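**Q** Guided by the hints, dock chain H onto chain F, whose structure is given.
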Amino acid sequence: MPSAFVKNNKKYFFSAVLLVAGAVALSSFFEDNQNIRQAKFPYKQQGLTEKQAAAHLLSRFTYGATPGEIDAVVKTGLENWFNQQLDAKLPDDSLNLLLANFDALKLSNTQIVNQYPKNAQVLRMAISAGVVNKDSVKTDRKAYRDLLLGYMQQNGMKPEQELYRQFISQKILRAAYTNNQLQEVMTSFWFNHFNVSITKNDCAQFIPDYERDVIRPNALGKFSDILLATAKSPAMLYYLDNFTSSAANDDNGANKNALRRRLMQNMAAQNADTGRAAILMNKVQKAKKAQGLNENYAREVMELHTLGVDGGYTQQDVTQAAKVLTGWTIYPMGQYGKAVKSIADKIGNDGLQSRGFVRDSDFLFNPNRHDKTEKVVLGKHFGPDGGYEEGVQLLSMLAHNQATAKFITRKIAVRFVNDNPPQSLLDKMVKTFIIKDGDIKQVLYTMVSSPEFWSASAVREKTKSPFELAIGSVRSLNANVTQPYQLFNWINKMGEKIYYYQAPTGFPDKGQYWINTGALLNRMNFGLALTTGRIPGVKVDLAALNNHHEPESAQAALPVYSKLIMPERKLDETTKRLTPLLTDPNLVQKVDEASSDKLYARVNEPASMSMTSADKAIADSKLDSKQNKKNNVTAMQTTSGSNSMLGQVVGVIIGSPEYQRR
Amino acid sequence: MVSRRGFLRSGGLALLGVGLMGGIPGFLAEAAANEQIISPYKKRKTLICIFQRGAMDGLMAVTPFTDDYLKAARPTLFMSAAKTNNASPLIDLDGRFGLHPSMKAFEPMFREKRLGIVHGIGSPNNTRSHFDAQDYMESGTPFNKGTSSGWLNRAVGLLGHDTLTPFTAVSMTSAMPRSFYGDNPSVSISNLQDFAIQMRGNPMGANMAAKSFEDLYDKTSSTLLKQTGKESFEAMKMLQKTNIKNYTPANNAVYPNSALGNSLKQIAQLVKMDVGLEVAFAESNGWDTHFNQGTENGIFARNVADLSNSIMALWTDLDAYQDDMTVMTMTEFGRTVHQNGTGGTDHGRASCNFILGNSINGGIVHGNMKPLAIENLEDGRDLAVSTDFRSVFSEVADKHLGINNDRILFPDWKGERIGVMRV
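Protein sequences appear in the order of chains F and H. Under the working numbering, think of the first position of the first sequence as 1, with each following residue one higher. Under the working numbering, think of the first position of the second sequence as 663, with each following residue one higher.
Isolated chain F (complex conformation):
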């Protein structure tokens, strides 16, 4: 317990103790804290001008400032702007228009399971429908693929990969264009905190819903809510295997042993009647699948989601918590949960409820799989036979533990302040987290109204992740993105394959992780590719960025564009370093000669064959706009002039060390 904390207010101290003991939230007692979100930001004391402060604010709570945005924030007022972002209710009409083209984004999990079935599933269905002969599978790739595609089209199914393409494209467009930037930044933060991964086939289909319905709506809510929502989501239930976890000594276990004995006897007696043995073995496998305690989720929910690895729990606590969470599984959909489905079909949802099942959307508590004994976790007793509520209480207890307050607020500070946030700041954030019942808005406001947030050790001290670099560049340059998936390929190349990070830890949030030799060169190449028109479906109009005032020379372009792209920064060093390279009298001519033909060809290249249908729809809808057409023509014309030189200068700025920082 930090001493400043106790000295400041004894009331807070006692409430903390009570909360740690598992008491319910007491925030209503503390009405005096309503004004947390009215405090002024103390940037002047740290030597920052209002504009510099606005730039810092934008560098932390958006994916990068768009041209003119700093002035707009100053006009709105920094505190007002931040409160608007916390409330996340700004209209997003133009973004929604872009996203309307992605048909998979609105589907429920059940619809996704039916419309975007897994490849292996399609194959099984096609075989049982007699479309594909099981003996010809994979012997002739082309023919068998065509057969499968035809079968899918006839049955209204689409390739699984298309779902992920739409989902990832959606994320890129949203991050680049949403007005509610902080909500999207926090969505990324929580997704990474409660990481799930497309690399795990079982949970992959549920990830679009996970981000849309579990993470984003709770991104600026209460920690206990997002924790419970993730615990009940199909994506997490599959990713960390809790869907399969059941009491170890239930009927299934007995069944399995009986089956196994029969199998042994059969094998011994009949000396390997393989057909029959195979049938029995399948049964054993099925029984086995439905049986046994799985500790994966129980361990990670403590180690990674709440208390932290040094949060004071033991292996015993993990096992006991796993027992509390037995029976937390998913409601049947598609091929998932067939056994429960047959029961549900017989007795209906009301029947399920009367037998102790709890259904909440795709989540199902199955009392038949629940361990009904008494459990003890961190000294608190659960059950016996407390059903679904045991798990809810367990998660609430974890959400309100002081170790959790410390662990979560530190992670937030690392994300928004610097890689090693000062203890004085953490103390304030922990205090707010506890008395405000894990209200993320209040915790963030507390952080921003602390002097530490504005100090020299914070400003520009974070390294952009590859995603932040790519999206930030799009925003800095007002780029027009019609094929977002192309950016995903670059982001992957730079070292951040979003949604594919395999481990439940999520990507590490520190500069050293992102900056390594291969990745750094790719960052530079990204800058050049973006600004010289080499990323299909991502258009940059550099002339428009400077109100169509074309700089006279590369030298003149350098300070102008540096300032446009990195406003409110000291750029003397950057421009000083680059100027000598740009003073070769024949430079422009040389570069243009070497590049213009090919560059021109590339800019005019037709839409790539690899575009998704949604990408195409966006591209088409944009081409319909006459104004855009006109702009395109202007851009082309400048391309044949000195634009390739300009593109190169701006590319170097995007790849420069200064731009890698935020």
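Hints listed in this document are in silico derivations from the structure and should not be mistaken for laboratory results. Among the hints, erroneous ones may be present.
To be clear about the criterion: a stretch of chain F counts as covered by chain H if any three or more of its residues have a C-beta under 8 Å from a C-beta of chain H, and this derived list gives those stretches [to be verified]: (1) 292-300; (2) 334-343; (3) 346-356; (4) 497-510.
Cross-link-like lysine-lysine pairs, in silico, BS3-like; alpha carbons within 27 Å at most [as the list claims (entries may be wrong)]: (5) H:Lys873 to F:Lys576; (6) F:Lys510 to H:Lys881; (7) H:Lys873 to F:Lys563; (8) H:Lys707 to H:Lys745; (9) F:Lys576 to H:Lys888; (10) F:Lys142 to F:Lys118; (11) H:Lys903 to F:Lys570; (12) F:Lys563 to H:Lys907; (13) H:Lys892 to H:Lys881; (14) H:Lys888 to H:Lys899; (15) H:Lys707 to H:Lys775; (16) F:Lys510 to H:Lys934; (17) H:Lys892 to H:Lys707; (18) H:Lys775 to F:Lys563; (19) F:Lys563 to F:Lys576; (20) H:Lys707 to H:Lys733; (21) F:Lys576 to H:Lys899; (22) F:Lys570 to H:Lys907; (23) F:Lys89 to F:Lys222; (24) F:Lys576 to H:Lys892; (25) H:Lys745 to H:Lys775; (26) H:Lys733 to F:Lys134; (27) H:Lys775 to F:Lys570; (28) H:Lys707 to H:Lys881; (29) F:Lys75 to F:Lys563; (30) F:Lys510 to H:Lys745; (31) F:Lys563 to H:Lys888; (32) F:Lys338 to F:Lys134; (33) H:Lys888 to F:Lys570; (34) H:Lys907 to F:Lys576; (35) H:Lys881 to H:Lys907.
Keep in mind that this is a model prediction, so the values were computed, not measured. We put the CB at the ideal spot given by N, CA and C, even for glycine.
**A** Okay, now just chain H, sitting in the frame of chain F:
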């Protein structure tokens, strides 16, 4: 442990690196100087790991061909070592095990006792999920999901010297594999040619941009960006000196034109460039053979041909470096003893792996694989795991790279080694 950057900052041998060595990148000069002082006569060893994703059917790769149980369980997939007119038989290794005929490239290595095989290798965690099993094998902690680092990354940290070059640990994959997750410097790159500033069709522009970048990174106030920038450009220049694109392998080695063949070819190039490569990683895909895996022809035969031919091309190409190389394969689990209803096999437990090198206890099928009687199978259906993968990985890391700190490499493991390496 002193970090790479810590070492460079401390200036230890910086004097030797600057200027004296002419065209040689600074970090290499430093590395060379460092080596001379720390271990003057020790040559650098390289461990090359190949992950076969999808779970290889070890019982088809190396078949216990005298096992009647297996023969009965695989009516159309069982292969024999007996010579017949219309089929290529298994290569009889020792009277009990037969190597798949498409891996005939391996046979001489096995006869020369430079290729070892471990049969019945696998994980103590009985998950049959590809994801979980790969995760556990690569993190090296079969019961802990939350381990943030991979075992090969920890191995880099245990090499006993600072990692002074960007190429100490290289994965020839587009994204960082789980085995490489962690704090020790490592690089994932699918194509060495990408290690350059690129502007297609505009080499002059690329040169100018490269020079601009180099200068900017040299003068930045961020130590991290400055140091990494320096290393990046040095690495880039070094690779540019070699003609990566038109590489001609030594000894007429022919790499298969496959993803694995390409990865191994590039690893060979790095070895020959002497850039300090010590841990390399490559992947081989397509082992999840639920459907029509075939016998002497078909999917499985093509896969093992690619695997063995790629490895042997590397081995031939690296003829002059063989004493310092060990190649080891791994796969997340094996496949069912019984074939399924679609001419394939389903997810099982143990598989086998291959280890190639001059200090391998070769010419032996290691492990303690029992006859496939029902009472010996795991869950009544699968080849039981008789050798923990960590036993083999730990022994190879120790005997080849000199890493013998299992407490860090495989924290939960306290087993015995089985002697896959000669002492």
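**Q** Compare the structure with each hint and give your call.
**A** Hint check:
With 3 residues carrying a beta carbon less than 8 Å from a beta carbon of chain H, the segment 292-300 of chain F meets the three-residue requirement, and the given coverage holds. For a cut-off of 8 Å, the count of residues in the segment 334-343 of chain F with a CB near a CB of chain H stands at 0, and the three-residue condition is violated. Residue count for the segment 346-356 of chain F with a Cβ under 8 Å from a Cβ of chain H: 0. That is fewer than the three needed, and the coverage hint is violated. Against chain H, the segment 497-510 of chain F contributes 7 residues with a C-beta closer than 8 Å to a partner C-beta. That satisfies the three-residue criterion, and the hint holds.
Among the hinted pairs, lysine 873 of chain H with lysine 576 of chain F is consistent with the structure: their alpha-carbon atoms are about 14 Å apart, no more than 27 Å. Between lysine 510 of chain F and lysine 881 of chain H, the direct Cα distance comes to roughly 22 Å. Compliance with the 27 Å bound is thereby established for this hinted pair. For the hint pairing lysine 873 of chain H with lysine 563 of chain F, the CA-to-CA distance comes to about 22 Å; that is within 27 Å, so the pair holds. Taking the CA atoms of lysine 707 of chain H and lysine 745 of chain H, the gap is about 41 Å. The hint is violated against a cut of 27 Å.
With a C-alpha separation of about 17 Å, the suggested pair lysine 576 of chain F and lysine 888 of chain H falls inside the 27 Å cut-off, and the hint holds. Between lysine 142 of chain F and lysine 118 of chain F the alpha-carbon distance is near 19 Å, which keeps this suggested pair within the 27 Å criterion. As the CA atoms of lysine 903 of chain H and lysine 570 of chain F are separated by approximately 37 Å, the hinted pair breaks the 27 Å bound. A threshold of 27 Å between alpha carbons decides the hint, and for lysine 563 of chain F with lysine 907 of chain H the separation of about 40 Å lies outside it, so the pair is violated.
Straight-line distance between C-alpha atoms of lysine 892 of chain H and lysine 881 of chain H comes to about 10 Å, which keeps the hinted pair within the 27 Å bound. The suggested pairing of lysine 888 of chain H with lysine 899 of chain H holds, with an alpha-carbon distance near 17 Å, which does not exceed 27 Å. With a C-alpha separation of about 20 Å, the suggested pairing of lysine 707 of chain H with lysine 775 of chain H holds against the 27 Å cut-off. Distance restraint check for lysine 510 of chain F and lysine 934 of chain H: the Cα-Cα separation of roughly 34 Å exceeds the 27 Å cut-off, and the hinted pair is therefore not satisfied.
Our distance criterion of 27 Å between C-alpha atoms is met by lysine 892 of chain H and lysine 707 of chain H, whose separation comes to about 26 Å. Proposed proximity of lysine 775 of chain H and lysine 563 of chain F is contradicted: the alpha carbons are some 66 Å apart, above 27 Å. Restraint check for lysine 563 of chain F and lysine 576 of chain F: the C-alpha separation of about 14 Å stays at or below 27 Å, so the hint holds. The suggested pairing of lysine 707 of chain H with lysine 733 of chain H is violated, with an alpha-carbon distance near 42 Å, which exceeds 27 Å.
Only pairs whose Cα atoms come within 27 Å are accepted, and lysine 576 of chain F paired with lysine 899 of chain H is accepted, the gap being roughly 25 Å. Distance check on the hinted pair: lysine 570 of chain F and lysine 907 of chain H sit about 42 Å apart at the alpha-carbon level, beyond 27 Å; violated. With a CA separation close to 17 Å, the supplied pair lysine 89 of chain F and lysine 222 of chain F stays within the 27 Å bound. Taking the CA atoms of lysine 576 of chain F and lysine 892 of chain H, the gap is about 19 Å. The hint holds against a cut of 27 Å.
Annotation: proposed proximity of lysine 745 of chain H to lysine 775 of chain H holds, straight-line Cα distance about 25 Å (limit 27 Å). Between the alpha carbons of lysine 733 of chain H and lysine 134 of chain F the distance comes to roughly 22 Å, so the proposed pair stays at or under 27 Å and holds. For a cut-off of 27 Å, the pair hint linking lysine 775 of chain H to lysine 570 of chain F is broken: about 65 Å separates their Cα positions. Note on lysine 707 of chain H and lysine 881 of chain H: the hinted pairing is violated, with a Cα-Cα distance of about 36 Å set against a maximum of 27 Å.
Between lysine 75 of chain F and lysine 563 of chain F the alpha-carbon distance is near 20 Å, which keeps this suggested pair within the 27 Å criterion. Straight-line distance between C-alpha atoms of lysine 510 of chain F and lysine 745 of chain H comes to about 61 Å, which puts the hinted pair past the 27 Å bound. A distance of roughly 22 Å separates the Cα atoms of lysine 563 of chain F and lysine 888 of chain H; the hinted pair therefore holds under the 27 Å criterion. Of the pairs offered as hints, the one joining lysine 338 of chain F and lysine 134 of chain F holds, with about 24 Å between alpha carbons and a cut-off of 27 Å not exceeded.
Restraint check for lysine 888 of chain H and lysine 570 of chain F: satisfied, since their Cα atoms lie roughly 18 Å apart, inside the 27 Å limit. Distance hint between lysine 907 of chain H and lysine 576 of chain F is unfulfilled; the C-alpha atoms sit about 37 Å from each other, more than 27 Å. Restraint check: the Cα-Cα separation between lysine 881 of chain H and lysine 907 of chain H comes to about 32 Å, which exceeds 27 Å; the hinted pair is violated.
Consistency with the previously given hints fails for numbers 2, 3, 8, 11, 12, 16, 18, 20, 22, 27, 28, 30, 34 and 35, ordered from lowest to highest.
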